Every structure is written in structure tokens, then in C-alpha cells.
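Protein chains: 2
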Amino acid sequence: MKAQIEATPALHPNHGLRSTPIASVMVTCADIDTITGLLTLREREPFMLYATSKIQDVLKANPIFEVLAPDVVQRKTLTLHEPIDLIDVNGHALGLTIELFSVPGKIPLYLEAAVADPAAQSQGEGTVGARISDGAGTEFFFIPGCASMTDELADRLRGAKLVLFDGTVYTDDEMIKKGVGQKTGQRMGHMSLTGDNPRLATIPAFAPLDVARKVLIHINNTNPVLLDDSPERAAVNAAGWEVSFDGMEIVL
Amino acid sequence: MKAQIEATPALHPNHGLRSTPIASVMVTCADIDTITGLLTLREREPFMLYATSKIQDVLKANPIFEVLAPDVVQRKTLTLHEPIDLIDVNGHALGLTIELFSVPGKIPLYLEAAVADPAAQSQGEGTVGARISDGAGTEFFFIPGCASMTDELADRLRGAKLVLFDGTVYTDDEMIKKGVGQKTGQRMGHMSLTGDNPRLATIPAFAPLDVARKVLIHINNTNPVLLDDSPERAAVNAAGWEVSFDGMEIVL
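So the sequence lines, in the order shown, correspond to chains A and B. The numbering used here applies: residue -3 is where the first sequence begins, and numbers increase by one. The numbering used here applies: residue -3 is where the second sequence begins, and numbers increase by one.
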């Protein structure tokens, strides 16, 4: 997969001082931490901006994102379960196919006032995972936020070569116990790594799924797995999980 | 002024792991680089959010800023030329008085599509400067963006003890010459430090104003004054200007 990516010239910063190697961006939900980074990509460098209709609607409802000028950044709406070949803004194939699928999640915090039950979880176009493949049998899953392990999701991930998965919290109540917030992981729409209910706890949920390589991403700064020498890091490693880090490269 | 600030307990991070020393925030325009930082202040820590009506309207038009929950962050609209005593969300005085005044500027980039002449400069509630004082005769001016030196602004600043001022570009066309953009400083709503027209060039504009201390802020990464050993740095220093830096503290 890495070789495939490096062979794609469109991904290289090949001109000027402000170009980036970013040919396309796919956003998996409309939470602040997922979409705010788009604002730093405002130097008139072209890229494709992929998201579901529901997520594109949130971007449209916030004029601040018009800083990604439409003559430079092309927004493309993706439909769940319809794989597409990623392209750059010039129509050149990136050699990658992506398929989005819904996972349990919740409405972004800043939109909670508009709904009757802001804690309610739902499954639709608001929070998605992605299956990314090179079209030649190599593929992986990217799921930065997930509120519970459904049978459908378990079936999808079973036997996968690689899954990058929501590692927000280690225990559901850790933000409360550490005095940094009033919310559980569940209230924020995230499974916890540990817990009694295998639908809501990531390590038990993945135990029967025979995934070859499992990597935690989207890790909250309260999660003790971030500390190299913590017992919790040792525990996730013992359970077959890796903890991602800045600059991590993965070759499939 | 620094002693005044340090004597105000409300400004200290005095509880918990996610508190900040920020009791109030004042935004001087609605450009991305001015308002995006608000999104990182979303950990339910209380502060006052001050801005003119026009700038508050831009924030309201972008639901993403609802992440600053109204039960935690109080938005207060300021009127030009009406000094107010800053308070924290509990109504405690911060010991600082602020007065906003308009300076020449332009509409934020992401709102340009809505206007007939996106390059047009105007003076109103969209871009403001601030006079900040301790109520006992010590005061300074904060003007991070300014498109030209008007007679009114020159009169206001004449003889000031301290002015923090727009240092975006050294020469009007430097972004074009360095190949990082198509826009002049003027097109972005900024004076340049140097130039033939003293209305549009900061160093000549300030030369007759007898300001005791002049500090450049809001400096673009193309501006050579950022380099300690550049001739341009030497030139601005020789003209009586300081170049601000992260962690800079100023005592009046």
C-alpha cells in the first residue's frame, strides 16, 4: 500500500512553497477535531473534499469553510456502500478505492442544541468508517469514532489485515474520574477500550474477530495508553493492539 | 500593567486540569486566523467573548462556534468608541478598560463571494483596533490588521506609550515575488512595513507620530523581519520597531 501511494506523483508536494502532498481529504464526521483542520488547508492548493451528504451539509451550513474556495477545492458527496476510485482535482486516479459505511455515533457537540436528545446515538451518514483498498486485494479499515460494536460491523471487520480504530478512552468514566469533564466516553459517542459489555468495550469486542493488525487512533489525552510505560499500554499491547504515534508509517 | 494583570486572580488557571488563565477574549475581525482559535477553547471553561456586532454576527452565522456553549461562554457585543470595563463571566472586574475603534480593513476571505467588490476596503465594525488601559493612565493600542493610516488613526496614536501593530508584510508584493500567493498586502487588507506611500507603509506612517514603543504583531511567514539576522530586521529595529515573539512579555 505504501509503495502504491509513493508511486502516485499527485501525492507529492511538487511545486512551490505552500503546496502539500494532500490530493484528497475524506472526513468521517463533523466533529470539531475532524473538520477544523480543513481551515488550515486554505492556501489555494487544490484537493478533493470527500464526505457523506450529511457531513457536507454541516460544512455548507458554516460559511467559514468557504475559505476553501470552490474554484480550488472540489467537494464531492459520497454515498454509503458505494465504493469509488479516489481522484485528484485534475481527475487523475490516486490508485485507491474507498467505501464508506455507517457506524454508531452521535451528533456533533455544537449541534446538540437542535435535537431533543443530544445523548442519543444513531447510525447513518453522520459518523462513518472507511474501507480503503488498492484495488488489488490489499485493504484496511479506518474508523476513528465508533459508539458500539454492532453485528454488522463485526462481520465487516472479521479477518481484516488492518484496522485503525477509535481509541478515545481506556475506561468509560475516565474523564470524570480525572476531573477534566462531566462526560463518559459513551456520552461522547465512543466505545472505551475496556469494560464489561463487549458491545461497548473495544478490546473484548475485537477479541473474536481475528484482525491481523489493530492500531488505536483518535486517542484522548486522558487515555493512559499514551504513556509508553503505563500498565494500560502493556495491557493493550498484550491484547494485540498498537498505539499510533505522530509520523507512524504502515506498510501492507 | 503586568502587575495589574497578575494581581487579578480570575486570570489564573486556578482549578482543574483543563482550566486556562483566559477570563475574556476580544476578537478584532472575523478572519480565519483571528477566530479559529476559539474552537480550541471548547473545554467548558468560562470566558467572556467580546466583539463588535458585525463580528458577533459572523460567529452566529457559523454553528460550529456553538461548541462554546452559551451556558459557559458569554458573548458580549461592544459598540465602537464606548469604553467598557472588562469582566469575567462572574462579573468580577479584570482591572482593564477597553475601547474599540474602526480601522480600514476588508471583508474576510471566506465571505468575499457575497460582495460585489471583494477587494474593496472599508472602515466600520468589521476590522477594529483596541485601546486597552488600566484606568489609571497606563494604556496601549492593539491593532493586528490595518489597511491604511488615516488622519483619524494617526491622531489617535500620536504620542502613545505603546502600539502593537499589523506587521503582515514587509513589501506589498512579497507574497507574489516569493511565489506563495497571488495577492498583495493591500488586497488582503494590510499595510506593508515599507513603501512609497506613507498612508500605506507602516514605517513611514509612524515616523512622525512620536510613539514611545512600537511592536510588530500579526507577521506573515513571508516577512523577512522574522529572521533575526536579516537586513530587514535591522532596518525595522533602526526605525524604532520591535518584532514580537512567542512568550514576549511587556511591562508598562
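Derived by calculation from the structure, the hints in this document are not laboratory data. Model, not experiment: these values are computed from the prediction. Where hints are given, some of them may not hold.
Since the list gives no way to pick one copy over another, a pair counts as held whenever it fits inside one copy or between any two copies.
Claimed, not checked - With a Cα cut of at most 16 angstroms, we get these calculated EDC-like pairs of lysine to aspartate or glutamate:
1. LYS72 / ASP192
2. LYS56 / ASP130
3. LYS179 / ASP113
4. LYS179 / GLU41
5. LYS179 / GLU108
6. LYS50 / GLU135
7. LYS173 / ASP130
8. LYS157 / ASP206
For this session: Could you tell me which of the numbered hints above are not met by this structure, giving the numbers in increasing order?
Result: 1, 2, 6, 7
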